[in-house]
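Quick note, the sequences are listed as chains A and B, same order.
Per my numbering, residue 1 is the first one in the first sequence, and the count goes up by one each step.
Per my numbering, residue 523 is the first one in the second sequence, and the count goes up by one each step.
Because the hints were derived from the structure by calculation, they are not lab data.
Just so you know, these numbers come straight off a predicted model, no measurement behind them.
Yeah, the Cβ is synthetic: ideal placement off N, Cα and C, and Gly gets one too.
You may find that some hints are simply not true.
[Unchecked claim] Sample of chain A residues at the chain B side, in silico, Cβ under 8 Å:
#1 Asp246
#2 Ala311
#3 Thr316
#4 Ala384
#5 Gln385
#6 Arg389
#7 Thr394
[What the hints assert, rightly or not] Lysine-lysine pairs mimicking DSSO-like chemistry, simulated, CA-CA at most 27 Å apart:
#8 A:Lys164 to A:Lys115
#9 A:Lys88 to A:Lys68
#10 A:Lys94 to A:Lys115
#11 A:Lys502 to B:Lys787
#12 A:Lys133 to A:Lys144
#13 A:Lys164 to A:Lys94
#14 A:Lys284 to A:Lys251
#15 A:Lys261 to B:Lys787
#16 B:Lys684 to A:Lys284
#17 A:Lys251 to B:Lys787
#18 A:Lys210 to A:Lys502
#19 A:Lys165 to A:Lys88
[Unchecked claim] Pulled from the structure, derived: some chain B residues nowhere near chain A, Cβ distances all over 12 Å:
#20 Ala549
#21 Asp584
#22 Ala585
#23 Pro680
#24 Pro725
#25 Phe729
#26 His731
#27 Phe780
#28 Tyr782
#29 Asn817
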Amino acid sequence: MSTLLRLVYAAVFACALTAAQARDADDLVVGFAADVSSLDPHFLNAVPNVAAAAHIFDALVHVDPDGKLVPGLALSWQAVDPTTWEFKLRRGVKFHDGSEFTAEDVVFSLDRPAKVVNSPGPFTSYTRQIAAKQVVDAYTVRLKTPAPYGPLPLDLTTIYMVSKKAAAQASTEDFNAGRAAVGTGPFKFVAFRRGESIELARNDAYWGGKPAWQRVTLRLLTNDAARTAALLAGDVDAIEAVPTPDIARFKSNPAFRLEQKVSWRTIFWQMDLSRDQTPFVTDKAGRPLPHNPLRDLRVRQALSKAINRQALVERTMEGLAIATGNIVIPGIVGHVDALAPEPYDLAGAKRLLAEAGYPDGFALTLHGPNNRYVNDEQVVQTVAQMLTRAGIATRVETMPLSSYFGRARAGEFSFALLGWGSLAGDSALRSLLATPNPDIGWGGFNWGRYSNAELDKLVRAALGETDAARRADFAGRAVQLAMAERALIPLYHQYATWVMRKGLAYRARVDEFTLAQFFHPQ
Amino acid sequence: MSMFARAHPGRTRLIAALARYAENRVAAVALTLFLLLALAAFAAPWIAPQNPYDLAQLDILDARLPPGSAAAAGELTYRLGTDAQGRDMLSAMLYGLRISLTVGFAATAGALALGLVVGLASALAGGSIDAFIMRVADLQLAFPAILIALILLAALGPGPGKIVLALIAAQWAYYARAVRGVALVEREKDYIAAVRLLGLAPPRILFVHLLPNCLPALIVVATLQVGAAIALEATLSFLGVGLPVTQPSLGLLIANGFQYLLSGKYWISVFPGLLLLTLILAINLVAERLRVLINPRLDGI
């Protein structure tokens, strides 16, 4: 009874909120879909934290809505020799406290990620490649890498520049309290209420043009229904990650404007490819099998063929995704046009399973998160349903992200759902399928511990290539090899969506970032 | 002391008790409704059009169909619509009802047994043991039941057996306190003093003499708590910590449909919600009637 009562109260409360609060024309309130755990831009490498930081701080290199690298605090960058990148800094940029941004701040900001304590997801994978930092003059920095390293400018899009003066001894707590949250970005820190909201005020001296909003509030609305309700009630002007069931309604309502774009995120299955005994594959009676069937290419092909990606995209994702046979989205390094989504072929899947020695299938538990990707829990169930038709006895286990990633990393699963957003195929493969090696930061998300010397070689060649065409060639070959091996089973690229009240405009971004400075009145 | 003790012997006694119960028409309807629901839950595997827990019988192409739609392939008509996985809502609700009732009754029985033993022992022992046990119970009652169950399930993982364990852990203290209260009153009565003077062993006094006289009061508490246990299970499933997603109980069905409420696909949440409401209302009305009957002082109130 108490559950229902609570639902009734919630409904009454939601109705009471419909009276929109009066706001000034130059105020903007945006509903974030995921929790921001800190305003320290070097604390946790996760999209919500990085997107929140991008309001207060700038990076040397910025990413435009289509995923192209554009000048940020660096006006230009080039490899002066194979192991040295030179960055020319923008002149006359002022921090929020009035001090000038110089090369010293760059060196300080690149040193800091390694000094942050207790980071649940460090940024050091982006700074580890830098062996030496050299201040040529106040507006020129040279970064040396031990070996040729092409993606350094891409890596530096995620490292934000903080003020050496304000953050010299600062802890993460000092950033959260605002004392050290002094950046060069379009907005200044006002208040950070953990789990609730971030308040910002316009930086009138911003180098990139004055934002349209005097005051900005980022409200953290992690509950899907609550986020939709807040927009309908007029409590927020725009929301990100629109819940799929609500999209049709917003589309048909002239009071709102919907923006969507294929995001950089690919959703796929990671499989245990290293162990001969894997914990969640058994025969149908629950007894262990003599060998791990997932190590057989024919079995992986069969599983991939048994998945009806078109139905998955149209029904479970309600059209908000595009089926894929690639690791990265079209238009970026490492996308191979020739790799089409695996066609749905149930008979072929059964034939391959029989050839591999499993004419009656086997039992498999599918693991997935239930609060990370769009419709993640539903997707896991749908794929389980599809594999069942091919003769696999499936079980489904989903859990919150907090326990999911840790267990997946520890190799506790056999068949696990993962989403990965990347602006380059070679860097994606470095994290997802390169032979795991913590010393060099490779294979951090290679949950199945796949290891292929040929693939490692191609990834290393691509990453070490500073010539764009040759790098794309190596990256493409690496992706083709991984896909021919079915080292992971790609499903689709999800859409990123935003919906805002009429009279607002936002350019949809491939990296899913929601940035107040890019909202404009129409 | 109760209506059961006062009535005639044998079968006539049962009929008289039922007749007395049925004097309240609302309670009679509630009992009938409850028995019908229990029967439907028991017969679910035979009367449900589909086995909603068998993934091979689901078709994603039939997802979110409104009530009365026909399946894209096959003969099935989805009388109450389908959920996001193409699961027949009617079948899912029947199976969900089965889980809710099983979990509710198993948890209540377990908590009752544990509470009974602890409460009686506490009352009989008295002194510092009594004080200690009751402070433990107080401590437990100071936490909301949902919190205790959530923490336990987070540690144990999902599954019907684990939900039952969590519910027992969350609810035993109610029974322990109720039993102790009744037993303390009974303990001072002459018949207990008499059997004590006869020199009977404490376990015999406990189970043969004290227990039967505490039962009527407990039956009322237990009936009320069945409703509470079912609601708690639904809440836990709603929060996503109860049962596997492929075996939805009523709470999980409501949770799955929750996000579609604003977009007009009402049937995924509303039908299981109504069923849960009916079930708990029926159980509470039955419990309320039993309370009145067993405590004659309340008769006619």
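Against the structure, the hints:
no.: 1; hint: Asp246; result: 6 Å, holds
no.: 2; hint: Ala311; result: 5 Å, holds
no.: 3; hint: Thr316; result: 6 Å, holds
no.: 4; hint: Ala384; result: 6 Å, holds
no.: 5; hint: Gln385; result: 5 Å, holds
no.: 6; hint: Arg389; result: 6 Å, holds
no.: 7; hint: Thr394; result: 6 Å, holds
no.: 8; hint: A:Lys164 to A:Lys115; result: 14 Å, holds
no.: 9; hint: A:Lys88 to A:Lys68; result: 19 Å, holds
no.: 10; hint: A:Lys94 to A:Lys115; result: 25 Å, holds
no.: 11; hint: A:Lys502 to B:Lys787; result: 25 Å, holds
no.: 12; hint: A:Lys133 to A:Lys144; result: 6 Å, holds
no.: 13; hint: A:Lys164 to A:Lys94; result: 13 Å, holds
no.: 14; hint: A:Lys284 to A:Lys251; result: 46 Å, violated
no.: 15; hint: A:Lys261 to B:Lys787; result: 26 Å, holds
no.: 16; hint: B:Lys684 to A:Lys284; result: 24 Å, holds
no.: 17; hint: A:Lys251 to B:Lys787; result: 16 Å, holds
no.: 18; hint: A:Lys210 to A:Lys502; result: 22 Å, holds
no.: 19; hint: A:Lys165 to A:Lys88; result: 21 Å, holds
no.: 20; hint: Ala549; result: 17 Å, holds
no.: 21; hint: Asp584; result: 9 Å, violated
no.: 22; hint: Ala585; result: 5 Å, violated
no.: 23; hint: Pro680; result: 8 Å, violated
no.: 24; hint: Pro725; result: 38 Å, holds
no.: 25; hint: Phe729; result: 34 Å, holds
no.: 26; hint: His731; result: 37 Å, holds
no.: 27; hint: Phe780; result: 6 Å, violated
no.: 28; hint: Tyr782; result: 5 Å, violated
no.: 29; hint: Asn817; result: 22 Å, holds
Comparing the model with each earlier hint shows violations of hints 14, 21, 22, 23, 27 and 28; every other hint is respected.
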